[in-house]
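Please arrange chains R and L on chain W, whose structure you already have, making use of the hints.
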Amino acid sequence: MARTADVVVIGGGIHGCSTALHLALRGLRPILIEKDYAGRHASGVNAGGVRQLARDIAEIPLSISSMDLWEHIQELVGDDCGFESHGTVLVAENDEELASFRARVDDLRLKGFTHEELIGRDELKRLVPAVSDHCPGGVVSRRDGAADPFRSTQAFRKRAIEKGAEVLEGVTVTGLSRVGDVWRVETSDGPIDAPKVVNAAGAWADRIAAMLGEPVPLTVVAPMLMVTSRVAPFIQPVVILRGRKLSFKQLGNGTVVIGGGHLATPYRDRNETVIDWEKLSLSARTVWELFPVMRQATIVRAWAGIEAYMPDGIPVVGPSSTSEGVYHQFGFSTHGFQLGPGTGAMMAELVATGATNVPIDGLGITRFQSR
Amino acid sequence: MFKRLGDIGATLTLKVDGKPIRARIGDTVAAAMLAAGIDHCRTTPVTGAPRAPYCLMGVCFDCLVTIDGVGSRQGCLVSVREGMEIETQTGKREAGR
Amino acid sequence: MTQASDLASSYELVVIGGGPAGLAAASLAARAGVQTVLFDENPGVGGQIYRGITANPVKNRSILGEDYWAGAALAAEVKASGALVVNGATVWSLDQTKLVGVSIAGKARLIQAGRVIIATGSLERPFPVPGWTLPGVMTAGAAQTALKAQGLVPSGRTVLAGCGPLLWLLAAQMLRAGAKIEAILDTSSRINWLRALLFLPDFMLSPYWSKGLKLLREVKAKVPVIRIESVEAAGKSKLEEVVYVTGGEERRVRADLLLLHHGVVPNVNLANAAGVAHRWNERQLCFEPILDADFGSSVPGIAVAGDGAGIAGGTAAAERGRIAAIAAVRALKPGGSVADPQTVRQSLQREEMGRFFLDWLYRPADSFRRPEGDTIVCRCEEVTAQQVRDMAAMGCEGPNQMKAFLRCGMGPCQGRLCGLTVTELIAAERHMTPSDVGYYRLRPPVKPIMLSELASLPIAEAERKAVER
Numbered sequence: 001m002a003r004t005a006d007v008v009v010i011g012g013g014i015h016g017c018s019t020a021l022h023l024a025l026r027g028l029r030p031i032l033i034e035k036d037y038a039g040r041h042a043s044g045v046n047a048g049g050v051r052q053l054a055r056d057i058a059e060i061p062l063s064i065s066s067m068d069l070w071e072h073i074q075e076l077v078g079d080d081c082g083f084e085s086h087g088t089v090l091v092a093e094n095d096e097e098l099a100s101f102r103a104r105v106d107d108l109r110l111k112g113f114t115h116e117e118l119i120g121r122d123e124l125k126r127l128v129p130a131v132s133d134h135c136p137g138g139v140v141s142r143r144d145g146a147a148d149p150f151r152s153t154q155a156f157r158k159r160a161i162e163k164g165a166e167v168l169e170g171v172t173v174t175g176l177s178r179v180g181d182v183w184r185v186e187t188s189d190g191p192i193d194a195p196k197v198v199n200a201a202g203a204w205a206d207r208i209a210a211m212l213g214e215p216v217p218l219t220v221v222a223p224m225l226m227v228t229s230r231v232a233p234f235i236q237p238v239v240i241l242r243g244r245k246l247s248f249k250q251l252g253n254g255t256v257v258i259g260g261g262h263l264a265t266p267y268r269d270r271n272e273t274v275i276d277w278e279k280l281s282l283s284a285r286t287v288w289e290l291f292p293v294m295r296q297a298t299i300v301r302a303w304a305g306i307e308a309y310m311p312d313g314i315p316v317v318g319p320s321s322t323s324e325g326v327y328h329q330f331g332f333s334t335h336g337f338q339l340g341p342g343t344g345a346m347m348a349e350l351v352a353t354g355a356t357n358v359p360i361d362g363l364g365i366t367r368f369q370s371r
Numbered sequence: 001m002f003k004r005l006g007d008i009g010a011t012l013t014l015k016v017d018g019k020p021i022r023a024r025i026g027d028t029v030a031a032a033m034l035a036a037g038i039d040h041c042r043t044t045p046v047t048g049a050p051r052a053p054y055c056l057m058g059v060c061f062d063c064l065v066t067i068d069g070v071g072s073r074q075g076c077l078v079s080v081r082e083g084m085e086i087e088t089q090t091g092k093r094e095a096g097r
Numbered sequence: 001m002t003q004a005s006d007l008a009s010s011y012e013l014v015v016i017g018g019g020p021a022g023l024a025a026a027s028l029a030a031r032a033g034v035q036t037v038l039f040d041e042n043p044g045v046g047g048q049i050y051r052g053i054t055a056n057p058v059k060n061r062s063i064l065g066e067d068y069w070a071g072a073a074l075a076a077e078v079k080a081s082g083a084l085v086v087n088g089a090t091v092w093s094l095d096q097t098k099l100v101g102v103s104i105a106g107k108a109r110l111i112q113a114g115r116v117i118i119a120t121g122s123l124e125r126p127f128p129v130p131g132w133t134l135p136g137v138m139t140a141g142a143a144q145t146a147l148k149a150q151g152l153v154p155s156g157r158t159v160l161a162g163c164g165p166l167l168w169l170l171a172a173q174m175l176r177a178g179a180k181i182e183a184i185l186d187t188s189s190r191i192n193w194l195r196a197l198l199f200l201p202d203f204m205l206s207p208y209w210s211k212g213l214k215l216l217r218e219v220k221a222k223v224p225v226i227r228i229e230s231v232e233a234a235g236k237s238k239l240e241e242v243v244y245v246t247g248g249e250e251r252r253v254r255a256d257l258l259l260l261h262h263g264v265v266p267n268v269n270l271a272n273a274a275g276v277a278h279r280w281n282e283r284q285l286c287f288e289p290i291l292d293a294d295f296g297s298s299v300p301g302i303a304v305a306g307d308g309a310g311i312a313g314g315t316a317a318a319e320r321g322r323i324a325a326i327a328a329v330r331a332l333k334p335g336g337s338v339a340d341p342q343t344v345r346q347s348l349q350r351e352e353m354g355r356f357f358l359d360w361l362y363r364p365a366d367s368f369r370r371p372e373g374d375t376i377v378c379r380c381e382e383v384t385a386q387q388v389r390d391m392a393a394m395g396c397e398g399p400n401q402m403k404a405f406l407r408c409g410m411g412p413c414q415g416r417l418c419g420l421t422v423t424e425l426i427a428a429e430r431h432m433t434p435s436d437v438g439y440y441r442l443r444p445p446v447k448p449i450m451l452s453e454l455a456s457l458p459i460a461e462a463e464r465k466a467v468e469r
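Protein chains in written order, with the numbering used here: chain W, 1 to 371; chain R, 1 to 97; chain L, 1 to 469.
This is chain W alone, in the form it adopts within the complex (with noise of 0.2 Å):
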């Protein structure tokens, strides 16, 4: 005898923990299925940074509407999630960057998004004391910020519980098929019935995805990241550079977390990944000549998140192309997080409604098949 719900959402992660509360928000009693625990992969240990800056312009309405979430987040899942908005700012590291930023700013503009603006060497020292003289300039999003990612993604989880959710934890999905009008979700514990599903099941989604004759191309990465020992606070906004991976910010307890891309090794199905030290070493070098205040730091753990890529680089969020009542929302790429309240909160709509208000154009998984 199948349990039943009203969605069965796939994956804890903060997309599906987002939108399991959303959906326990609009009276609709999900289940959400994850095979470790809420937070363990990409959403609990990513760079928590809180960005709009930066964004493919297929994401910026959504990153706009979770940006509005983020900053009333204590009343969304009650708990502040220890986020902090100083900024984020893009450096340029010479004059050709500085011009390409502007370029894109302008465009920007163009296109009704004011979100990030053109600074000087001036006021990018104002902002950024420590950074290196040699930086002529950059781009900042001042709503930006930084969250604690666990945090955040167990809050979510919380909430969700407490609004009428259902989250199994341990358990895998292992096949997906229709029966009747209901979607039978096979579980490690056990069948699930239910007429809509939400495919949030990041490094695996391409296998939900395959489940549903609709094979994507999607990458396993495993970003690294690097935290240092606490330092007497130095630097507000997060910092981000184009031409070298690098992202960089302080937390509250002084801690310096270094990050930027840098890509180690995974191994998705043992949930383990492999650090590669040259490429930290490149990321340190390049703190090194940003940071000079960073040279005597010490780096206390390096690791790496295991993380969904697509070849364009932005998500798959829409409904499936050959299922009806499946909707799919992964391949954040390595910037989801900041995504996660609002994405979660279209998709409900999404699920509940048939319809969304948020403009969600160039990221359907029809984008990957040929005419």
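It should be emphasised that the hints constitute simulated quantities derived from the structure, not laboratory data.
Don't take each hint at face value.
[Claimed, not checked] Distance ranges between label pairs, derived from CB positions:
#1 L:Ser298 <-> R:Ala10: 44 to 50 Å
#2 W:His72 <-> L:Ala393: 26 to 32 Å
#3 L:Leu194 <-> R:Asp17: 52 to 58 Å
#4 W:Asn94 <-> L:Ser298: 47 to 53 Å
In this text, a Cβ means the ideal position worked out from N, Cα and C, and glycines have one as well.
Just chains R and L now, with coordinates in the frame of chain W:
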């Protein structure tokens, strides 16, 4: 807290927070500080509590001191050198140290 | 002194740790013709048990006892064997591809190993009591190290607390060196005796039986030994008094130094971070790697020898090192000749005999392994027992989630001093076994490295160009 067993042998001088202390060639920084009767070598970043070496084998990280300008060095793993400058570490390390 | 730039980019065998297991392994492998390097982070080899063996300031041999000086033979053997021994070398990373990250004098290198023997030994079991973070509280091992390697002996009022053979050995060594001990507060439990008695016959056959009895008599003749139920370190900014309860009554003794000891446990950090599978040992109350008969781990090509494989003492460690080395030599030089491990196995068996008696006799009581209230559990992040218990009771099921919520285990010691306590507290609160609770999932670097060290890694130009956007 600790005293030398027998003859100290060849010695050298180092400074701890500006004050000179005598150490045996072959001492670790932590041992030299203990032998000199120095009470604590750091205060914690979380509450500012005083700490002194606990394990002397490199696993507790309570012996962290700044050595010749470089912070968060494990004093129990570093051998003393003539003229070494040790500073006890207060709370969060400063950026640039 | 070997510098980082002197190292080759690969070695057939990398031995990590210069205690008895590492020394014996490196010697055997090098003599069999395997290109071997041994990395040890201390200024000289010997590990903990033979610490300072190559440069010992203690002139009077009888203070430390003959078992200690046996280490000199191992140190001499490795010197003559042809293995490259590198002191002051901290291994901060090992992964399943057997790539070793090592730093010497602030410069980092990545070394590819054909095979690895992890011989990083053991460390003191955490002994969390109120006030244990005060200056003036140290481990028994620390006092032993201070004596062996630095020729230092406690000068003020000293109290020892805990149980286990090393506590008695330390007391004897300190007394012979002229130190005064105010009291030994014995935490061993009478209940343990019953369990241990089963194994007494075996133990009586081992050389430790007569040595142990002699040691106990030597110490008890000079120091009051008091059976206690609990102990606390008290003082404002350093230790001033030791407070203990004996026979239900609270007593206080002024003290300048409190030395704690509840046995040693395997130092699992490097093996854990390398992906080696571990399991809970209920007799010894610790995690140990899952190993085959040659001390090979779940990661092909990585073996764990010595006390890191499970607590068995110094002589057993050397035998284990040899067995692991023989397997490594056979894998690296299949045609060559190397000793048959059988004699070594027999030797090892004799050494291990009688351990069960000591293990059961000196098992620390629950109250010492599962503290309560404001007692600090994670020293680095100052997380208390109550915080861990509350979080566990609220549903936090494992140490890794606990780490993410409370930051315990996120400090530089990487759980070496809190890991076992956190596991035991979660087990207590959630009525699970420590085996089911598991341990922290550790990540490299297993010791902090400086940004400048990491930046100093030599990188091929092609590699650099490949990763720029």
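Tell me the hint numbers this structure goes against, listed in increasing order. Violated hints: none at all, because every hint is consistent with the structure.
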